[in-house]
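J.: If you're matching them up, the sequences are chains A and B in order.
Note that my numbering has the first sequence beginning at -2, numbered continuously upward.
Note that my numbering has the second sequence beginning at 14, numbered continuously upward.
Calculated from the structure, these hints are not laboratory results.
Predicted, not measured: the structure shown is a model, and the values here were computed from it.
Every residue, glycine too, gets a C-beta built ideally from N, C-alpha and C.
Just to be clear, a hint being listed does not mean it is correct.
[Unchecked claim] With a straight-line cut-off of 20 Å between C-alpha atoms, the simulated SDA-like cross-links for lysine to any residue are:
| no. | chain 1 | residue 1 | chain 2 | residue 2 |
| --- | --- | --- | --- | --- |
| 1 | A | K91 | B | R38 |
| 2 | A | K143 | B | N733 |
| 3 | B | K43 | A | R31 |
[Unchecked claim] One side only, chain B facing chain A, incomplete, derived with CB under 8 Å:
| no. | residue |
| --- | --- |
| 4 | K43 |
| 5 | D49 |
| 6 | G267 |
| 7 | G689 |
| 8 | L695 |
| 9 | A696 |
These are the residues of each chain, in order.
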Amino acid sequence: MSTHTIKVTVNGQAHSAEVESRLLLVHHIRDTLRLTGTHIGCDTSHCGACTVLLDDYPVKSCTMFAVQADGHAIRTVEGLEQGGALHPVQAGFKEEHGLQCGYCTPGMMMTATALLEHNTNPTEAEIRQAISGNLCRCTGYVNIVKAIQHAAGAMRGVSAALPASSAAAKTTATA
Amino acid sequence: MIQEPRTSPEVGGMGHSMKRKEDGRFIRGKGNYVDDIVLPDMLFMDIVRTPYPHARILNIDTSRALATPGVLAVITGRDLEKYNLHMMPTLMSDTQMVLPTDRVVYQSQEVAAVIATSRYAAADGVAAVDVDYEPLPPVVDPYKAIEPGATLVRPDRKDTNHIWHWEAGNKDATEQVFKDADLTVSEHIYIPRIHVASIETCGCVASYDKAREQLTVYMTTQAPHAVRTVVALVAGHVGLSEERIRIISPDIGGGFGGKVPVYPGYVVAIAVSFLLGKPIKWIEDRMENLQADSFARDYHIDAELALKKDGTITGLRVKTLADHGCADAAANPSKFPAGLYSIVTGSYDIGAAHVAVDAAYTTKPPGGVAYRCSFRVTEAVHAIERLADIAAHELKMDPAEFRLKNFIKPEQFPYKSATGWTYDSGNYKAALELAMQKINYAELRREQLEKRARGELMGIGISSFTEIVGAGPSHTFDILGLKMFDSAEIRIHPTGKAIARFGTKSQGQGHETTYAQIVAEELGIPAAHVQVEEGDTDTAPYGLGTYASRSTPTAGAAGAMAARKIRDKARKIAAYLLEASEEDLEWTTGKFTVRGSPDRSKTIQEIAFAAYTNHPQGMEAGLEAVSYYDPPNLTFPFGSYICVVDIDKGTGEVKVRRFVAVDDCGNIINPMIVDGQIHGGLAQGLAPALFEEIQYDENGNIQGGSFMDYLLPTAMETPNWELDKTVTPSPHHPLGAKGVGESATVGAPPAIANAVVDALWHLGVRHIDIPITPFKVWKILREKGVSE
């Protein structure tokens, strides 16, 4: 099994590692980098629990190899909170009871973050479509939609242009 | 309506929609799920599974696997047999293979376990284990399974595939009622096998410390204490004694009943850890989870109603064949092999009823019950609510009128049903009328008539369910002999804060918040100051865990009772501090005041401090209490759901236009959390109604063994749920509360099924089994000559 040295920027920090060709990105994040907020929930790319942002776009990290992330920037749930302040998406999920067991939540929040960075005022239908790649068994989705609407409200007023990786995290957030 | 809270928002007692205390770690990705746990020297386990549903194992060749880099060992049934660990008891006193020694009895059954230094090496090892099988005939149809001459699934247990027969109610009285009936309505209803599919699969990290002779198992379990006792009983002979076993249920990513059974993977991991003295991590993947873990439903039901011609129900007769797979591993109380299925008389005042259930072995995974159904109540409610709707339509009565006519009346409570349950409280009419008003029922019926005249297919379905939760009283309920009380242990610290530990285990239900709110209600200590713990058998008081909506009815009650014991001691301390007699003290939330002297009072915080610094002589210091609560009865939450569907004539797709859910779970601890439970339960009721199904083909191959085929609804398929409440407290629960976690999964499927059949009744359609897929509807429309 061949190995490769890859360099991935994760939540703003550069990480170098030697990995097997076949190492999935989600395992690189969870096992190599010990960021266990990103979860595994299926083996067919349906559930979205593994969703992270790769260069600001949501990807299912179980369906990518770590080597494919070489030279790229990843954001995980651990990178949402900045300077002790919750990201508006995190605050929205807490305020609107958008989580119960918490297992789908990191993936949901990363998808929501990407949505709101591209669309500051999504309709309910747009929100439901955006999160249709994230399965939840606990909440019935109603409060997740409300959580994202709550976050959208908090984030409006910030530039709608496509942000650089860390710009979105500088939005005003309330804990 | 929902009562106003008696405490301030700062205290956060019952009725407050307090934000959840547990959210902080989850929204930061700092949850502690089993796969997040890493221990020094930890090894990884993966499982070899059989492609054959029924086969003799001729040979297991482990040589290629053992030569695979990173692989340390391959464990087979023969290895476990040396320690008598190759078989284990199930929760229903059947037995189940941990690893087989000669035969496999379901597709994807565990055959061998590979131990390796990494996840990937373990998977490499699994691919390198060569197993020779001699296929045997599969047993797929449960009706054929119980015919004489059928291939035996469990020759080790019985010389028949018929597992048990169970009855409830009065057979003769019911027969008489059917003889005298003006009309009878009968239907065959099949509720297929489905799977909880919580987003986190099952797994464990089993760690045996040889130096300390202690076993610690981090495990996805809803019932850690029961697991500890079972492990001690099963493995005691190899030296695992109960005081040296610690089961830790950390954060659980959804349970819904699927994390109640003890799966072979856990037992193998524990055995290997014990032998090697190293931590062993086993995490199943999604396909393993769907194909091998405990299932739900799989009931073949023949149900009949006896009626007078004015629509009064006089009797109910139900005969059912239960497909249990290769072992009766159902998580039922032991005297109830068919769970609480005899609640099938539902919300109706039925004078005579008889229920008979037979169970069959087939070459499928063992089970069942798991999936948010409160021990077979989903099956019972589906049967009675479908029958009620068929009867109403046959009699040309409005389905709401039919139900209102037959409901048990409020003055009849406590109500003794024809199958022996005593319903604690209910007001079914109020719930249905509220639902009808909220959805504007009369207007919908008008709209339906107009649409029908134009050839459009619109349906309205009602489900008025009664649930039965909170197992349960010790005189009737036990699991493997363990009585189904539950427990709370509360300790108040000197600075007036508290820790409260319980015998249940939340998998998302919010106990860290709701139990704190119970303590706040009873003692006036702010819920924010009450630390709630569950799941560590070394510290939590003994309990039977969280499933079947039992936590609030049992452990919640224990919390209230323990808090009241603390309040009794607090009164004594207050009397001492205030130099008054106990009888002269009045309790208002959070403090004792001398009657008539409002300036002479002590807060619970002052009393707590005194318990450690200035307690009365002759009294023990400290301020704490334990309560083991044996509920006097179950609780009976209920509700009425109304669903509106529109059917696409071209594709057969059923679109849920509106869904109104009126629930009554008695007094409510946290309205936000209750609504969340109902939203989630409705989605898990929508799913089997329209999408989810696990089938087996005639060769015993599973159809629905991955998310490619097993369809979980996404945010696109799930409608906006509209909720409302009535409140009919439980007369026997200390807080007047009932359970609620499963009501919606139980009540929703028949509302949706009833709506679809209602849309198609005028075409001559009487019943459609769930899941009501577009293909099923499309075929019916073609048969009936309906085109776009």
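J.: Work down the list of hints and note, for each, if the structure agrees.
T.: These are the hints, each one checked on the structure:
Using a Cα cut-off of 20 Å, the hinted pair K91 (chain A) and R38 (chain B) holds, with the two alpha carbons roughly 11 Å apart. This hinted pair checks out: K143 (chain A) and N733 (chain B) have alpha carbons roughly 11 Å apart, not beyond 20 Å. Distance check on the hinted pair: K43 (chain B) and R31 (chain A) sit about 11 Å apart at the alpha-carbon level, within 20 Å; holds. A hinted interface residue such as K43 (chain B) counts as satisfied when its beta carbon comes closer than 8 Å to some beta carbon of chain A; here the least separation is about 7 Å, so the hint holds.
Among the interface hints, the one on D49 (chain B) holds; its C-beta lies about 4 Å from the nearest C-beta in chain A, closer than the 8 Å criterion. At its closest, the beta carbon of G267 (chain B) sits 5 Å from a beta carbon of chain A; the interface hint therefore holds under the 8 Å criterion. Restraint check, G689 (chain B) versus chain A: the minimum CB separation of about 5 Å is within 8 Å; hint holds. Proximity of L695 (chain B) to chain A holds as hinted, the smallest CB-CB distance being about 5 Å (cut-off 8 Å).
Hint status for A696 (chain B) relative to chain A: holds, with the closest Cβ pair at about 4 Å, below 8 Å.
The structure meets every hint from the earlier list without exception.
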